[in-house]
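Whole structure, please, built from the sequences with the hints as guidance.
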Amino acid sequence: MDEFVKFINSGVLAPFKRWGTKWSLWPVHLVTACCGAEFAHAFACGYDGERIGALSYGIARQTNLIIVEGAITRKMAKVLRITWEQMPDPKFVIVMGACGLNGGIFWNGYNLVKPSEVVPVDFFIPGCPPTPEALLRGIRQLQKKLETGDAESSADFYDLKLKKGKLPKFLPKSPKKISVNPCIVIDRRREVDWETGKKLLESFKVLKVENMVITAKNRIALRVSADRIREVASELRKMGFDHVKSVNVIDLPAEGKFIVEYHISSYSIREFMPVILNLFAEIPRAKPEVDSLSDIFPSADYMEREMQDLFGVVFRGNPWKGKFLLAPDTPENPLRKDFKLQEEVYVGD
Amino acid sequence: MEMLDALMQIFKSNMLEIPAIQPIVDPLMQIPWLNLLVALLLWRPFFAIVVMPGLLVLMICLLYIIWFERKLTARIQWRVGPLEVFRPLRGAIQALADGLRYFFQESIVHKEAHRPYFVQLPILAFIPVLLPIAFIPAGNVVGIKTPYAIPLIVAFLSLIPITVVAIGWASNSRFAFIGSVREALMYVAYEIPFIIAVISMIYLYGSADPYVAVEKQSIPGALLNPVAFLVFIISMLMATSRLPFEIPEADQEIAFGPFVEYSGMLFGLVMVLAYEKLYIMSLLFTILFLGGWSGPQLAILGDLNAPLWLVIKTLIVISVLVIVRSMYARFRIDQALRIGFSWLLAFAIIALAIGVVLGYEGGI
Numbered sequence: 030m031d032e033f034v035k036f037i038n039s040g041v042l043a044p045f046k047r048w049g050t051k052w053s054l055w056p057v058h059l060v061t062a063c064c065g066a067e068f069a070h071a072f073a074c075g076y077d078g079e080r081i082g083a084l085s086y087g088i089a090r091q092t093n094l095i096i097v098e099g100a101i102t103r104k105m106a107k108v109l110r111i112t113w114e115q116m117p118d119p120k121f122v123i124v125m126g127a128c129g130l131n132g133g134i135f136w137n138g139y140n141l142v143k144p145s146e147v148v149p150v151d152f153f154i155p156g157c158p159p160t161p162e163a164l165l166r167g168i169r170q171l172q173k174k175l176e177t178g179d180a181e182s183s184a185d186f187y188d189l190k191l192k193k194g195k196l197p198k199f200l201p202k203s204p205k206k207i208s209v210n211p212c213i214v215i216d217r218r219r220e221v222d223w224e225t226g227k228k229l230l231e232s233f234k235v236l237k238v239e240n241m242v243i244t245a246k247n248r249i250a251l252r253v254s255a256d257r258i259r260e261v262a263s264e265l266r267k268m269g270f271d272h273v274k275s276v277n278v279i280d281l282p283a284e285g286k287f288i289v290e291y292h293i294s295s296y297s298i299r300e301f302m303p304v305i306l307n308l309f310a311e312i313p314r315a316k317p318e319v320d321s322l323s324d325i326f327p328s329a330d331y332m333e334r335e336m337q338d339l340f341g342v343v344f345r346g347n348p349w350k351g352k353f354l355l356a357p358d359t360p361e362n363p364l365r366k367d368f369k370l371q372e373e374v375y376v377g378d
Numbered sequence: 015m016e017m018l019d020a021l022m023q024i025f026k027s028n029m030l031e032i033p034a035i036q037p038i039v040d041p042l043m044q045i046p047w048l049n050l051l052v053a054l055l056l057w058r059p060f061f062a063i064v065v066m067p068g069l070l071v072l073m074i075c076l077l078y079i080i081w082f083e084r085k086l087t088a089r090i091q092w093r094v095g096p097l098e099v100f101r102p103l104r105g106a107i108q109a110l111a112d113g114l115r116y117f118f119q120e121s122i123v124h125k126e127a128h129r130p131y132f133v134q135l136p137i138l139a140f141i142p143v144l145l146p147i148a149f150i151p152a153g154n155v156v157g158i159k160t161p162y163a164i165p166l167i168v169a170f171l172s173l174i175p176i177t178v179v180a181i182g183w184a185s186n187s188r189f190a191f192i193g194s195v196r197e198a199l200m201y202v203a204y205e206i207p208f209i210i211a212v213i214s215m216i217y218l219y220g221s222a223d224p225y226v227a228v229e230k231q232s233i234p235g236a237l238l239n240p241v242a243f244l245v246f247i248i249s250m251l252m253a254t255s256r257l258p259f260e261i262p263e264a265d266q267e268i269a270f271g272p273f274v275e276y277s278g279m280l281f282g283l284v285m286v287l288a289y290e291k292l293y294i295m296s297l298l299f300t301i302l303f304l305g306g307w308s309g310p311q312l313a314i315l316g317d318l319n320a321p322l323w324l325v326i327k328t329l330i331v332i333s334v335l336v337i338v339r340s341m342y343a344r345f346r347i348d349q350a351l352r353i354g355f356s357w358l359l360a361f362a363i364i365a366l367a368i369g370v371v372l373g374y375e376g377g378i
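Going down the list, the protein sequences come from chains A and B.
Just so you know, we're using this note's numbering here: the first sequence kicks off at 30 and counts up by one.
Just so you know, we're using this note's numbering here: the second sequence kicks off at 15 and counts up by one.
These are computed hints drawn from the structure, not numbers from a lab.
Values in this document were obtained by computation on a predicted structure and should not be read as measured data.
Check the hints yourself; a few may be wrong.
[To be verified] According to the in silico footprint, chain B covers these stretches of chain A (three or more CB under 8 Å from chain B): (1) 37-48; (2) 87-95; (3) 336-348.
[Stated by the list, open to error] Label-pair distances were calculated between CB atoms; the ranges are: (4) A/N137 to B/L103: 44 to 54 Å; (5) A/A73 to B/V338: 48 to 58 Å; (6) A/T177 to B/P240: 54 to 64 Å; (7) A/A73 to B/L50: 23 to 33 Å; (8) A/A356 to B/I330: 52 to 62 Å; (9) B/Q23 to A/T177: 49 to 59 Å; (10) B/R188 to A/C74: 32 to 42 Å; (11) A/F36 to B/I24: 33 to 43 Å; (12) B/V133 to A/C74: 33 to 43 Å; (13) B/Y374 to A/G87: 45 to 55 Å; (14) B/L372 to A/A73: 26 to 36 Å; (15) A/G75 to B/L103: 19 to 29 Å; (16) B/L54 to A/C74: 43 to 53 Å.
[Said to hold, decoys possible] Computed list of lysine to aspartate or glutamate pairs in EDC-like fashion (alpha-carbon distance at most 16 Å, straight line): (17) A/K350 to A/E335; (18) A/K51 to B/E98; (19) A/K46 to B/E120; (20) A/K173 to B/E98; (21) B/K125 to A/E224; (22) A/K35 to B/E120; (23) A/K246 to A/E224; (24) A/K51 to A/E114; (25) A/K228 to A/E300; (26) A/K173 to A/D151.
We treat Cβ as the ideally placed atom computed from N, Cα and C, and that holds for glycine.
Right, dumping it as structure tokens:
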């Protein structure tokens, strides 16, 4: 069998194989981001990739080229690998866009994988996003590689002469700058002309919360202690606030606490519809546990699971255990401030 | 030696007479071994099956249909279509490049497939597709001459969907199963109107012999029985899964249906299946409705006139059908089945009535 493969690749028939493959590169496009729009442009009228024999195709089994468009997350890395493994043998990969190259705007993210670590990549097309001309040039370069046997870059790179000592000025600052002690105040009072709000504050007095203020028009913040959050929430449910718009966690490592926020609003009572209540509680960072509101407000369920994923805050009463949105092999608690990102350095450092 | 002489006698007794190439053939026939080859090539049954309108023209036709289809779709979408592969012919050998690429690509047989059937069925499917070529006559040039040629061709055409369903079953994948079921449903929907339309034409001409059918078409069959013409065209579109009825292999939703697991050479084989079926059906269509091989005769071409006219008419029919493909959207399966079982069937029965009335007492 190996002899047969060797004969096909270098025997009498090899030129025919090379010629056929060269003029029939059918790309499967793995769209994960906005580069897909440029891909569509490259194969529509105006540029027309079919000119050079590349027919955009949706199925992996019958094609021989993957064009990766955009950032590859941990979940999509598996999809990319499976797609690549499904393809029959002479197969090629082109990665377009800055995200696929080195992360792009998601550079150094906890959930990002470089496509070149998952599959062997033949060509990278830089740009954010690359133009259709650049994509077609990438396919042309692949054809040239098939013809001559070795890959060559179509771009010229200049040598940067870096001075010792001071950093050159055009280098960007490190994105890993984290404020040591951020000042986060959720219940800051603001004077607004809002009659309904004042009436609402009057009616909220029965809740006996720690602090309640109007933070803007149609916005009220309610501070409660962590053990009373269920009680206050069920009272609010009885008043007509019937759903949770979002669940949010703020990490304050310097103060050693998490702030858990529920944004509550109403669909059933007309005058409450524009109002958003911010019900929040502080919990210690050492023991991040809080009662779940998912049985009072069913819409809070998925968002609580997500917060459990990203911050490691345990919502007592929410039956979900384990990873919800993230891939199973993602590192624990990636959105905590003390999460160790992969170390990368600039050229000038 | 005697056997060779006997063979030579058989070939010589039934050779094509083409005045245009006679000056080349005559000296070649004097050379001892080459004359056998030339005689075989010009032997009428061999010429009909292998050259024209048989396998060679079929191959050229495949290249032409795929190129024309892609080029026309591209022009309709304001694109250029395949071009750079061979500029002088406007990219006409694009299908050849694709075919070569498939030929040299790895053929994956996946773990869940029923292995022997998966590998053998694409080749088995070629038998019902290629056998009708032996029975399709073009004037004097004919493979096997029989008065029952038209029913035989229809019978072989009806066998093809069974192999497609079997291919889907052998693939053992969910998309392939959905595609197979759709193919089976469509088969029932188009086959009955198709067969009734053919029977109506047989009644009209009073015979199932293509020679009689062509002889009686002083007026083309399309004008004699326009309803049967319409039914035949629509069921032909359904049978070859052209675009308004491209339901079994809808690549956007079920990823080429029965053929989803095929790759490399095997996919190349199953992909051309529908195109070959289109070619055979267009030949039958030309014989039944467009006067077959009749047309202005050039004396210098001699016996070649008839196959030439048949192939030219067939190519025109195929080109028209390709235009339909690049213009229409796809029907849903329930819409297509409703068309097949309601008014297509009704029109087929009207066509049968017209055929019976016009062909009363021994044909037209």
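Checked hints:
With 5 residues having a beta carbon nearer than 8 Å to a beta carbon of chain B, the region 37-48 of chain A meets the requirement of three or more and the stated coverage holds. With a cut-off of 8 Å between beta carbons, the region 87-95 of chain A has 5 residues touching chain B; three or more are needed, and the interface restraint holds. With 0 residues having a Cβ less than 8 Å from any Cβ of chain B, the region 336-348 of chain A misses the three-residue criterion, and the hint is violated. Between A/N137 and B/L103 the Cβ separation comes to about 52 Å, which falls inside the hinted range of 44 to 54 Å.
In this structure, A/A73 and B/V338 break the distance hint of 48 to 58 Å, their C-beta atoms being roughly 23 Å apart. Restraint check, A/T177 to B/P240: a C-beta distance of roughly 59 Å satisfies the suggested window 54 to 64 Å. Checked against the hint of 23 to 33 Å, the pair A/A73 and B/L50 fails, with Cβ atoms roughly 56 Å apart. At about 57 Å, the beta-carbon gap between A/A356 and B/I330 stays in the expected band of 52 to 62 Å.
Restraint check, B/Q23 to A/T177: a C-beta distance of roughly 57 Å satisfies the suggested window 49 to 59 Å. Checked against the hint of 32 to 42 Å, the C-beta distance between B/R188 and A/C74 comes to roughly 36 Å, which is consistent with it. In this structure the hint that A/F36 and B/I24 lie 33 to 43 Å apart at CB holds, the actual value being about 41 Å. Taking the beta carbon of each, B/V133 and A/C74 are about 41 Å apart, inside 33 to 43 Å as hinted.
Against the hinted window of 45 to 55 Å, the Cβ-Cβ separation of B/Y374 and A/G87 comes to about 54 Å, which satisfies the hint. Taken as a hint, the range 26 to 36 Å is violated for the pair B/L372 and A/A73, whose Cβ atoms sit roughly 51 Å apart. For A/G75 and B/L103, the Cβ-Cβ distance of about 24 Å falls inside the hinted range of 19 to 29 Å, so the restraint holds. At roughly 50 Å, the beta-carbon separation of B/L54 and A/C74 lies within the given 43 to 53 Å, and the hint holds.
Taking the CA atoms of A/K350 and A/E335, the gap is near 11 Å; set against the 16 Å cutoff, the hint holds. Distance check on the hinted pair: A/K51 and B/E98 sit about 11 Å apart at the alpha-carbon level, within 16 Å; holds. At most 16 Å may separate the alpha-carbon atoms for a hinted pair to count; A/K46 and B/E120 meet this at roughly 12 Å. For the hint linking A/K173 to B/E98, the alpha-carbon distance of about 14 Å falls within 16 Å, and the restraint holds.
Distance restraint check for B/K125 and A/E224: the Cα-Cα separation of roughly 71 Å exceeds the 16 Å cut-off, and the hinted pair is therefore not satisfied. Between A/K35 and B/E120, the direct Cα distance comes to roughly 13 Å. Compliance with the 16 Å bound is thereby established for this hinted pair. At roughly 10 Å between alpha-carbon atoms, A/K246 and A/E224 fall within 16 Å of each other, so this suggested pair holds. Straight-line distance between C-alpha atoms of A/K51 and A/E114 comes to about 21 Å, which puts the hinted pair past the 16 Å bound.
A threshold of 16 Å between alpha carbons decides the hint, and for A/K228 with A/E300 the separation of about 12 Å falls inside it, so the pair holds. A C-alpha spacing of about 12 Å is found between A/K173 and A/D151, which places the hinted pair at or below 16 Å, so the restraint holds.
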